[in-house]
Amino acid sequence: MFVHEHDRMTGSRPLVRGVTPSVAVVTVAVLATFVALTVINSSVAIILAIFGLLFGGDLLRELAEALDGETEPAAEDEPIPDHDAEDALERLRVRYADGELSDAEFERRLAVLLETETVADVERYLDEGTAPPPAQETETEVDRELERSSGS
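With the first letter of the sequence shown counted as 1, position 54 gets the number 54 in UniProt numbering; the numbers rise by one all the way through.
Possibly wrong hints are sitting among the right ones.
Claimed, not checked - Using C-beta positions, here's what the derived DEER-type ranges look like:
1. 98 to 125: 30 to 38 Å
2. 97 to 22: 49 to 57 Å
3. 22 to 89: 43 to 51 Å
4. 20 to 42: 31 to 39 Å
5. 89 to 33: 50 to 58 Å
Bear in mind the hints are in silico, worked out from the structure with no lab data behind them.
Heads up, the beta-carbon is just placed ideally off N, CA and C, and yes, glycines get one too.
Could you put together the complete structure from these sequences and hints?
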């Protein structure tokens, strides 16, 4: 269960997947070829083993994906999380910790950041059929204000 939650959160595929028949066939063919080359000429087998260690993982991955015909449509369907509000909140915390902001200024800016609407809020209001409450400031105005006050 933990692995599935981690994959869902990171949006990455697991490194170890179930062995498909195409991967098994390719693995057996590569091993048989390597054993045959070792019997015939060991120096060629050593050179191929070095190249296999260096480039084999990428080649095997591309070959397995081509044989399986897999693309990643699930990754395209998943929404990309918006970290802008988290980044702005982190910048605000750092500036407060560094002593650049007073308590009152920190609380005011924190209230402005937390009052901004997210896409999920707008979708929820649209589903309910009510108009969203007007936000005091938009995210771009908050970002501009933070940039002006930081002097950059």
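Verification of the supplied hints:
no. : hint                  : in the structure
1   : 98 to 125: 30 to 38 Å : 37 Å, holds
2   : 97 to 22: 49 to 57 Å  : 54 Å, holds
3   : 22 to 89: 43 to 51 Å  : 47 Å, holds
4   : 20 to 42: 31 to 39 Å  : 32 Å, holds
5   : 89 to 33: 50 to 58 Å  : 56 Å, holds
Violated hints are absent here; each numbered hint is respected by the structure.
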